[in-house]
Amino acid sequence: MAQRAVKEYNCKHLFSKYWNEYFKDFKYDFQAAAISDSSELEEESKNKPWLTIDKLVVKPDMLFGKRGQNKLVLVKKKTVGDIELDDVIQWVDKRSKKNVTLLDGTTGALNHFLVEPFVSHNAKDELYISATTEEEYDEIHISKYGGVNIEKHWDKTIHIKIPVNSTEEDVSSLIQNKLKDSINIPNFNTFATKFYMFFKDLHFSYLELNPIIFKGNQVYLLDSVARLDDTARFIMDKSWDHIQFSSPFGQKPLTEEEIMIKKADEASGASLKLTILNPKGRVWTLVAGGGASVVYADTISDLSGVDEMSNYGEYSGNPSTEETYTYAKTVLDLMTRTSHKENKILIIGGAIANFTDVAKTFSGIILAIKDYTEKLKEVGTHIYVRRGGPNYEEGLKNIKKACEDLDIPIFVYGPETHMTDIVRLALKR
Amino acid sequence: MNKLFTEKSQAIFWNNNTKAIQRMLDYDFICKRKTPSVAAIVHPTSSASFQKFFFGDQEIMIPIYKSTTEAAKNQPTADIFLNFASFRTAAEVSLEATLIKSIRVIMITAEGIPERDTREINMKAKESGKILIGPSTVGAISPGVFKTANIGGTIEQIVKSKMHVSGSAGLVTRSGGLFNEIANTIALNADGIAEGVAIGGDRFPGSGYLDHLLRMEKNNEVKYFILLGEVGGKAEYEVIEAYEKGELTKPIVAWCIGTVVKHFNTTVQFGHAGASANTSIERAGTKNNAMKKAGFIVPRSFNDLHLRIKDLYKKLAGEGIVKAVEPTEYVIPKLPQDFSSAKKEGVIRKETNFICTISDDRGDEAHYAGHPISSVATPETGFTIADVISLLWFKKRYPKWATDFIETVIKTAADHGPAVSGAHNARVSARAGKDLVSCLCSGLLTIGPKFGGAIDGAAKYIKKAYDDKLEPKEFVSQMKQKGLAIPGIGHKIKSIKNPDLRVKGLKEFAIKHFPNTNLLDYALEVEKITSAKKDNLILNVDGTIGVLMVDMWKSLNYSDEEIDQFIECGTLNAFFVLSRTIGFIGHVLDEKRLNMPLYRHQFDDILYDVPTAELI
Numbered sequence: 094m095a096q097r098a099v100k101e102y103n104c105k106h107l108f109s110k111y112w113n114e115y116f117k118d119f120k121y122d123f124q125a126a127a128i129s130d131s132s133e134l135e136e137e138s139k140n141k142p143w144l145t146i147d148k149l150v151v152k153p154d155m156l157f158g159k160r161g162q163n164k165l166v167l168v169k170k171k172t173v174g175d176i177e178l179d180d181v182i183q184w185v186d187k188r189s190k191k192n193v194t195l196l197d198g199t200t201g202a203l204n205h206f207l208v209e210p211f212v213s214h215n216a217k218d219e220l221y222i223s224a225t226t227e228e229e230y231d232e233i234h235i236s237k238y239g240g241v242n243i244e245k246h247w248d249k250t251i252h253i254k255i256p257v258n259s260t261e262e263d264v265s266s267l268i269q270n271k272l273k274d275s276i277n278i279p280n281f282n283t284f285a286t287k288f289y290m291f292f293k294d295l296h297f298s299y300l301e302l303n304p305i306i307f308k309g310n311q312v313y314l315l316d317s318v319a320r321l322d323d324t325a326r327f328i329m330d331k332s333w334d335h336i337q338f339s340s341p342f343g344q345k346p347l348t349e350e351e352i353m354i355k356k357a358d359e360a361s362g363a364s365l366k367l368t369i370l371n372p373k374g375r376v377w378t379l380v381a382g383g384g385a386s387v388v389y390a391d392t393i394s395d396l397s398g399v400d401e402m403s404n405y406g407e408y409s410g411n412p413s414t415e416e417t418y419t420y421a422k423t424v425l426d427l428m429t430r431t432s433h434k435e436n437k438i439l440i441i442g443g444a445i446a447n448f449t450d451v452a453k454t455f456s457g458i459i460l461a462i463k464d465y466t467e468k469l470k471e472v473g474t475h476i477y478v479r480r481g482g483p484n485y486e487e488g489l490k491n492i493k494k495a496c497e498d499l500d501i502p503i504f505v506y507g508p509e510t511h512m513t514d515i516v517r518l519a520l521k522r
Numbered sequence: 039m040n041k042l043f044t045e046k047s048q049a050i051f052w053n054n055n056t057k058a059i060q061r062m063l064d065y066d067f068i069c070k071r072k073t074p075s076v077a078a079i080v081h082p083t084s085s086a087s088f089q090k091f092f093f094g095d096q097e098i099m100i101p102i103y104k105s106t107t108e109a110a111k112n113q114p115t116a117d118i119f120l121n122f123a124s125f126r127t128a129a130e131v132s133l134e135a136t137l138i139k140s141i142r143v144i145m146i147t148a149e150g151i152p153e154r155d156t157r158e159i160n161m162k163a164k165e166s167g168k169i170l171i172g173p174s175t176v177g178a179i180s181p182g183v184f185k186t187a188n189i190g191g192t193i194e195q196i197v198k199s200k201m202h203v204s205g206s207a208g209l210v211t212r213s214g215g216l217f218n219e220i221a222n223t224i225a226l227n228a229d230g231i232a233e234g235v236a237i238g239g240d241r242f243p244g245s246g247y248l249d250h251l252l253r254m255e256k257n258n259e260v261k262y263f264i265l266l267g268e269v270g271g272k273a274e275y276e277v278i279e280a281y282e283k284g285e286l287t288k289p290i291v292a293w294c295i296g297t298v299v300k301h302f303n304t305t306v307q308f309g310h311a312g313a314s315a316n317t318s319i320e321r322a323g324t325k326n327n328a329m330k331k332a333g334f335i336v337p338r339s340f341n342d343l344h345l346r347i348k349d350l351y352k353k354l355a356g357e358g359i360v361k362a363v364e365p366t367e368y369v370i371p372k373l374p375q376d377f378s379s380a381k382k383e384g385v386i387r388k389e390t391n392f393i394c395t396i397s398d399d400r401g402d403e404a405h406y407a408g409h410p411i412s413s414v415a416t417p418e419t420g421f422t423i424a425d426v427i428s429l430l431w432f433k434k435r436y437p438k439w440a441t442d443f444i445e446t447v448i449k450t451a452a453d454h455g456p457a458v459s460g461a462h463n464a465r466v467s468a469r470a471g472k473d474l475v476s477c478l479c480s481g482l483l484t485i486g487p488k489f490g491g492a493i494d495g496a497a498k499y500i501k502k503a504y505d506d507k508l509e510p511k512e513f514v515s516q517m518k519q520k521g522l523a524i525p526g527i528g529h530k531i532k533s534i535k536n537p538d539l540r541v542k543g544l545k546e547f548a549i550k551h552f553p554n555t556n557l558l559d560y561a562l563e564v565e566k567i568t569s570a571k572k573d574n575l576i577l578n579v580d581g582t583i584g585v586l587m588v589d590m591w592k593s594l595n596y597s598d599e600e601i602d603q604f605i606e607c608g609t610l611n612a613f614f615v616l617s618r619t620i621g622f623i624g625h626v627l628d629e630k631r632l633n634m635p636l637y638r639h640q641f642d643d644i645l646y647d648v649p650t651a652e653l654i
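Residue numbers (this note's numbering), protein chains in the order written: chain A, 94 to 522; chain B, 39 to 654.
In short, the hints are calculated from the structure, not lab data.
Possibly wrong hints are sitting among the right ones.
[As the list claims (entries may be wrong)] Taking lysine to any residue and the SDA-like style, the derived pairs with C-alpha atoms no more than 25 Å apart in a straight line are:
{"no.": "1", "chain 1": "A", "residue 1": "Lys159", "chain 2": "B", "residue 2": "Lys566"}
{"no.": "2", "chain 1": "A", "residue 1": "Lys355", "chain 2": "B", "residue 2": "Phe125"}
{"no.": "3", "chain 1": "B", "residue 1": "Lys300", "chain 2": "A", "residue 2": "Pro372"}
{"no.": "4", "chain 1": "A", "residue 1": "Lys159", "chain 2": "B", "residue 2": "Arg321"}
{"no.": "5", "chain 1": "A", "residue 1": "Lys355", "chain 2": "B", "residue 2": "His301"}
{"no.": "6", "chain 1": "B", "residue 1": "Lys566", "chain 2": "B", "residue 2": "Asp505"}
{"no.": "7", "chain 1": "B", "residue 1": "Lys283", "chain 2": "A", "residue 2": "Glu228"}
The shape of chain A in the complex, shown without the other chains (with noise of 0.2 Å):
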């Protein structure tokens, strides 16, 4: 994985965390409370006076912008600045739990929120700050026009530049020159520059604070978007509080069968990947490598159409017979589970290896198609194999030789035919 996005509560608790090693110069209450349905929330405000005390505001907090356009922010009853622990706790349990379908399309249920004091301040002292990466260079964007409207105000935003191997006082004397004093707040581009220090150090990909408020010294973040880098968490795993990364808002929870995956890639050396795309579906897939998984998920379907495309996924890097073991089992068992009106398909697939030993990995699959091999011929499954690499003519003729025993119709096939030619043909059949 990459690019993990965060959510805007935890990017706001990295901020606290580290303010004072960063932001000395300026004051800020870290004053947010997470919860999942009222209940948590009245418990919450048992430690926390001020949701008592403040007036509030309360949001999803799910990994989704735009939720002021799509009406999910409570900031008002008749006047701005008039919520108090109550409404919050009404809003959010009409809310929690519940459905909800974005502009954009998108459908979940919503179960985290984020309840703050409401910040009484004037839109136009709204500012903007982010930071992104590129291959060469990262980019620190500052606007005096922050708040919802940035994007119709983009061409006003103010764009540095910071290569990659900058020290603090190149960043300084970049926003110095690039800034000057357009930001009529007193130490700003000192902010600017540990705005962009805690982005490099934390290992953020991607950091947005929209809009932050200066009030004096003290400051507000209002909103924040962020990305952490997560191949970095063997470094940064105690610093980041050993943060959970969420699913994307209206992705299906994983099934079971996808979380015992996950920790299996994760506990191995190997890769495997499995996302189920349509429990349902005609056609599976059991495909070795990153790019080759690809390849055959665009073909199948461009042939299939996306529909009958079951799973995607890949299992690489010289995984052990165990670990294919469990792995086709996984997917056998699933691909078991409902008939289909034709009869189904078992991809088992696979580039020219360069090191993975194919015989090896496919011993690993041939036990869990001896396990599944009644399920198998129940649902008519037809196997159609293609693979190359070390020791491919052994594990091509074990796979053969194992299902012709056990009587399940399979086609082999080896380098000399073209990668993805075995999904044309099982479709034409």
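Once you have looked at the hints, place chain B on chain A.
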């Protein structure tokens, strides 16, 4: 330089990945390279200074260094750095390599290096004018010249894909698996590749398609390009731009994989880390259309890619730009097969030098006489130490009365105080500062005919007398005639009136649990005679153990020949050695903890009678 690698290119290989290195050397051999393509290995934790490899049928030594800097200093002509460090250390290792002048190309294989680190390495490499391939890649190949590590797969596959002789395609891909695939396709439909690079699946590859295509543009051996792109990123647009500007003039067959991604609005992670489309221009379909519009040869789908390559090659052959594909005249030197693979295939056989019939350490778990260790180790398996002894010493699982007896023997003979000669020797050695094993051996080496060895003798003589059906009386008198003491009879202190309780316990256990105790009964008859002569000529603990072991084996239906063989092999003695080892170790540990000074025997305890040596 217009070429990524030359026949002089040599690698410094970070990590002692013997399989990958051997593959490179095997490739050298079939390409008839004069020098090995790996000059050095860097392995900071290795204690060895070299590793042996095959170069064809010869063995060569490749030096191992602790750091890349040291390797480069000693191998100044090595210009390629193959970084096989894990994702945790790959960044640091690469940064070191960017500082080394003699290194021209760096390849990083690790997947999962933090993006910020990758970008820093990329910048450093760029600043120092090095070509960086990867991270997350199998690397690159110049057929017939040099290849990085595992690219191309097995030697058989390399030959099948014509990656051992130069062809005319310049190939760039992201994925390593698909690189081989396309190389194979090119071999089947054209004349192979002149140079190929898999740039790797990360979001920020150290070098992009265009970097390599621009170099290949200047390489006269490359007549056309094949680009296999992927959904995500904008690198394909850089290629389009260069093509439109005329920086690239050779025909390009191109395809972007990942057209399926458009069907999924949620984030199914397809393939590589770099393969997610943030905007519609990063979609595979959009890129395929753009490339087509720019004049690239773009197939209808991946499934037609090979046909477009075939068409283009035919066209170029028609124009005389490439030669029509002919069977190659290149004679591939026969690579000697590795012993292990030949054995696996059953094409060779070899006489063994050893035989083992008790245990097996091949496979996932070692076995004791057919029982996996885990099935005998923990208490709930029901196996005791004596069960394990019966498996490993006798290749049988003994019934409970027998294993109980063996354990009783072991417990009985474990120690007999510090004064007996073996324990004394062990303690003296410990006080001399020797290590545990030496002290233990000092004790064990004392065991022999006079100390502990009576078990063997007792079993041997008493069994023989019994087998020969000698009357006990006759046996005793025969031994007397021969002037031999009966082993296992007699005790310094104990007597009929003051019996040895250890012997009592053993006898009682045997009488109660053994199916029969014929030899014991016989020995007790002998004891009656001897003890009548002298009160302390009793069946002692060694004798009891010896005869009862024989009774045990007889009851377990071993033949007399088998039992005699056990005795000849020293099996009875073995029980004493095993048991007493427990005691000796105790004495050694005790002595070590007490930390007493070196032992020196007192003068007054030695009779000195030393006449001057005679002159002869």
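Inset, instruction - Enumerate the violated hints, using their earlier numbering and listing them in ascending order. - result: 1
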